[in-house]
Amino acid sequence: MKSISKWLSNNLIRIYAFFAFTYLFIPVAYTFVFSFNDSRKTNLIWRGFTLDKWKNPCGAPDVCSALGNSFIIGLTATAISTVLGTLIAYALGRYEFKGRSSTNLLIFLPMATPEIVLGASLLTMFVNVGFNTSMITAIIAHVMFCISFVVVTVKARVASLDPKLEQAAMDLYANEWQTFRRVTLPLLAPGIAAAALLAFSLSFDDFIITNFTAGTVNTFPRFVYVSAGRGIPAQANVIGSAMFFLALIIVISSQIISARRKVKI
Amino acid sequence: MAVDASTSARGDLILKNLTKSFGEFNAVDDLSLVIPKGSFFALLGPSGCGKTTTLRMVAGLEEPTSGSIFVGETDITEMKPYRRPVNTVFQNYALFPHLTIFENIAFGLRRRGITDAEVKTAVDKVLTLIELPELAGRKPNQLSGGQQQRIAVARAIVNRPALLLLDEPLGALDLKLRRQMQIELKWIQTEIGITFVHVTHDQEEAMTMADTIAVMNKGKIEQMGTPEELYDSPKTSFVANFLGQSNLIPGKVSGSDGDNLVVDLFGTKVSVPKSRNSATGDSVLVGVRPEKFRIALEGKATHGNVLTGAVVSDVSYIGVSTQYQVEMPWGKEVMVFEQNDDDEEMLRKGAKVVLSWEPIFTFALDGKDSATAGSN
Amino acid sequence: MVAFKTTSAKVFKLKDNKSTLPYLLLLPGLLWLVLFFIVPIFSLGQMSTKVAGADTGEFVQGYRFANYIDAFSASKEQFFRSFLYGILATLIALAIAYPLAYAIAFKSGKWKNVLLVLVVAPFFVSFLLRTIAWKQILGEEGPVVGVLRGLHLISPQTSITSSAFAVVTGLAYNFLPFMTLPLYASLERIDPRTLEAAGDLYANGITTFRKITLPLSMPGVVAGTLLTFIPAAGDYINATILGSPTSKMLGNVIEARFFKIVDYPTAAALSFTLMAAILILVTFYIRRAGTEELV
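Residue numbers (this note's numbering), protein chains in the order written: chain A, 1 to 265; chain B, 1 to 376; chain C, 1 to 295.
Hints are computed from structural coordinates only; laboratory data are not their basis. Glycine residues also receive a C-beta, built at the ideal position from the N, C-alpha and C atoms. A few of these clues could be false.
[What the hints assert, rightly or not] Straight-line distance between alpha carbons at most 27 Å, and here's what the computed DSSO-like set of lysine-lysine pairs gives:
id, chain 1, residue 1, chain 2, residue 2
1, C, K211, B, K120
2, B, K120, B, K139
3, B, K332, B, K352
4, B, K80, A, K6
5, B, K80, B, K16
6, C, K260, C, K76
7, C, K211, B, K139
8, B, K252, B, K368
9, B, K125, C, K211
10, A, K6, C, K112
11, A, K6, C, K110
12, C, K110, B, K80
13, B, K349, B, K300
14, A, K6, C, K211
15, A, K2, C, K107
16, B, K176, B, K139
[Unchecked claim] Reference excerpt, derived from the structure (chain C facing chain B, CB under 10 Å, subset only):
id, residue
17, I190
18, D191
19, T194
20, L195
21, E196
22, A198
23, D200
24, L201
25, Y202
26, A203
27, N204
28, G205
29, T207
30, T208
31, I212
32, M218
[As the list claims (entries may be wrong)] Which residues of chain A face chain C? A few of them, derived with a C-beta cut under 8 Å, are:
id, residue
33, A17
34, L44
35, I45
36, L84
37, I88
38, T103
39, A112
40, E115
Extracted from the complex, chain A is given alone in its bound form (with noise of 0.2 Å):
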């Protein structure tokens, strides 16, 4: 008995994450699931399994080219705002200026923003300068949310980097932007990374700003909220899935390609 009690004491908080961790799955197994569904106009009740949705997955009438809208404005996003973020990154790593606080805080303001108040506010905006509201605004408001995240982001690692290396470079010969280029950039890449992917999943997720700024260019998260009223189709579920496991298998294989280079030095 008292080494019942011993083990559940040891290990009672690992069989609560094991509940929370499924806890957090439900959802995506629904959505897993329900991709099978033989559904007809809903997906609400489960009529048999079958694997047409995903033979299938632009069968529903918008569902592709919401998707296509989504992958532009999100790789165009990420694009731009990792640039402006990586330089920003890089300016507050290395260098002492004047207004330093000052863009601290510009950086974390839009983060401790509702996103509703971006979007309301870029909006207005538009509205104001008789803008229309289109990819390009889209584009626009998905870079600035996403220009604090990528900072935040690099900027981790560009403390962690050695700035003996830069000088050693210079030593050798290399003037500035060799430096940038060789020695730098490349460690600094699995940051710019991991910033990228942020800002990728940040604006493929969005809806809120979108909804506010992309006028009537459909994007996947507003083609699922205009259907949730009538039932989404299964092949939302199917792609929804797709982009599951596209993104697991990235940051598996991320994870395993920078263990093992750890091995190899």
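For chain A, the structure is supplied; the task is to place chains B and C on it using the hints.
Chains B and C only, in chain A's frame:
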């Protein structure tokens, strides 16, 4: 928060057949030991020998696979760490970063329900003992390494445990500070009379501070005794090589002469006191410490045990002493340390020399021992 | 070797050259933020005082600060509800996430990285899909209601969705990784030897947690609660999908005023008030840390 009766247990520390295994590997292998109350005891050995694991089992931070631990009459084997009359000084101090020095030291006292007034008295007293009363209001990250180390000791001894365990507490300090702390710790132990169990891989540290040393190797105790016993009469080559340095020369017992054995070393006969012989058979390793050798040019007068036909192969001048590598007629080298305490000229490389030493300084180990065990 | 880990790993000395390079690096990004974050906030403020133009139907500047009073009194129920739901959701998320973060930081051994991925992984599925999944799982046709009714724990009339309960738990669920990861980060920084030292100094498990672990994890608690409360208070998706007309939040009102009834000034006033209220709360909360710690 009543004071647990178990935290006031007193007596010798007794380890009985203590074992800790990780799968196939025995970190601590059937260890039995009695550490007398009030002594300064050192567990000495190379990394991986099991000394830290043993310490952690006594503290209650590791569970033994088998065996038992007693403090006096009290069996503490199954007890949680907070029930034991044992306190630990951790290797990297483990001070609580968010508490002041005062609260760090007071921590154990508060847990045992000591009143505020008594806490203040005790903490002030111990801060005075370690001569840092002005640091009471600071936080750990504002202190130097040496100060943190002393606070870590204070935090432990303020609880007046039966046993104080020290896990290589001086490892992070620079040489000068370390020497100073060695003396201070020894002084504190004598002042307050608590049993100290000090784990270290530094044999000089162990010999400086401890009344008794147990040399550990691969989970077992090789030899236990006072520093003099271990140094002058090592029983295994591991101990001979780990404490100080030794020259170990293989030989064969050829006879006896009163209190001494006569051993044949490659044709030369030398005397070895029987009291310093740990070998069971005829095959022995004769041990002479480098500082016991006298080295002189061939032809000079000698007494005691003598080895001729040697040639100096290397000379290192170290200020206090000169170290010679000397090649012996049987092809191996021995080390000789000569104190530079006379006007004699340093011997040169290639000089033909004769080595001699007092027989009383010889020890003999079992011939089956590896001549290099314990050396690094 | 230091006695414990410092909050930032190794601080390197910064370059102090007087060149303009850092400003050039900062310029594009900061300009973007100024143009598309700061300026819009001003637009919002400007819009909030406009009035409906008599002839054109467009909104014209009237400097009508009474807009705020009108907006607030019309929607004060939703306003308070947003803060209430936000706080409740944050507390629930904290309760769920803390033991989870603790388990990952101290009790996971070599599985640590895997578990961290698993905490974030569910959020690779669009949050709308997940929220709708909850709606269907907890809804009329779903398994949960059937079981609970079968066990006579709830009456045939009560439904779980379309309720405040569903909205709050939906909010808590949605922001769990924002709560878990900062908690994990600060728990992970704690030197396990200090916990051993506490045990060595007569503190049992609970006391060690109270006196050492909890205080040292406070930075994570502060960060996690902020990162959860702020988006939760401004959310309206959960209220739409999982709630009923009686559980509408301020976000619903703002969205309606922008897209259904075109009343930009009121909507702007409400947004501005929401932002100001949250900022004031956050400022008090963050008083301790400097701006470097935030970013």
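Structure-based check of all given hints:
1. C/K211 with B/K120: 19 Å, holds
2. B/K120 with B/K139: 17 Å, holds
3. B/K332 with B/K352: Holds - the C-alpha atoms of B/K352 and B/K332 are around 15 Å apart, at most 27 Å.
4. B/K80 with A/K6: Between B/K80 and A/K6 the Cα gap is close to 12 Å, so the pair holds against 27 Å.
5. B/K80 with B/K16: 18 Å, holds
6. C/K260 with C/K76: 20 Å, holds
7. C/K211 with B/K139: 16 Å, holds
8. B/K252 with B/K368: 12 Å, holds
9. B/K125 with C/K211: 24 Å, holds
10. A/K6 with C/K112: Holds: A/K6 and C/K112 sit about 23 Å apart, inside 27 Å.
11. A/K6 with C/K110: 22 Å, holds
12. C/K110 with B/K80: 26 Å, holds
13. B/K349 with B/K300: Since the Cα atoms of B/K349 and B/K300 sit roughly 18 Å apart, the hinted pair holds (cutoff 27 Å).
14. A/K6 with C/K211: Holds, at about 23 Å.
15. A/K2 with C/K107: 21 Å, holds
16. B/K176 with B/K139: At roughly 25 Å apart (the allowed maximum being 27 Å), B/K139 and B/K176 satisfy the hint.
17. I190: C/I190 check passes; min Cβ-Cβ to chain B is 9 Å, inside 10 Å.
18. D191: For C/D191, the interface hint holds, since the closest Cβ of chain B sits about 6 Å away, which is under 10 Å.
19. T194: Result: holds, 5 Å to nearest chain B Cβ.
20. L195: 9 Å, holds
21. E196: 5 Å, holds
22. A198: Because about 7 Å separates C/A198 from the closest Cβ in chain B, which is inside the 10 Å limit, the hint holds.
23. D200: 5 Å, holds
24. L201: It holds, given that the least Cβ distance between C/L201 and chain B is near 4 Å, below 10 Å.
25. Y202: Because about 4 Å separates C/Y202 from the closest Cβ in chain B, which is inside the 10 Å limit, the hint holds.
26. A203: 5 Å, holds
27. N204: 5 Å, holds
28. G205: 9 Å, holds
29. T207: 7 Å, holds
30. T208: 8 Å, holds
31. I212: 6 Å, holds
32. M218: Because about 9 Å separates C/M218 from the closest Cβ in chain B, which is inside the 10 Å limit, the hint holds.
33. A17: 4 Å, holds
34. L44: 6 Å, holds
35. I45: Holds - the Cβ of A/I45 comes within 8 Å of chain C, reaching about 6 Å at its closest.
36. L84: 4 Å, holds
37. I88: 4 Å, holds
38. T103: 6 Å, holds
39. A112: 6 Å, holds
40. E115: 6 Å, holds
The structure agrees with every numbered hint stated previously.
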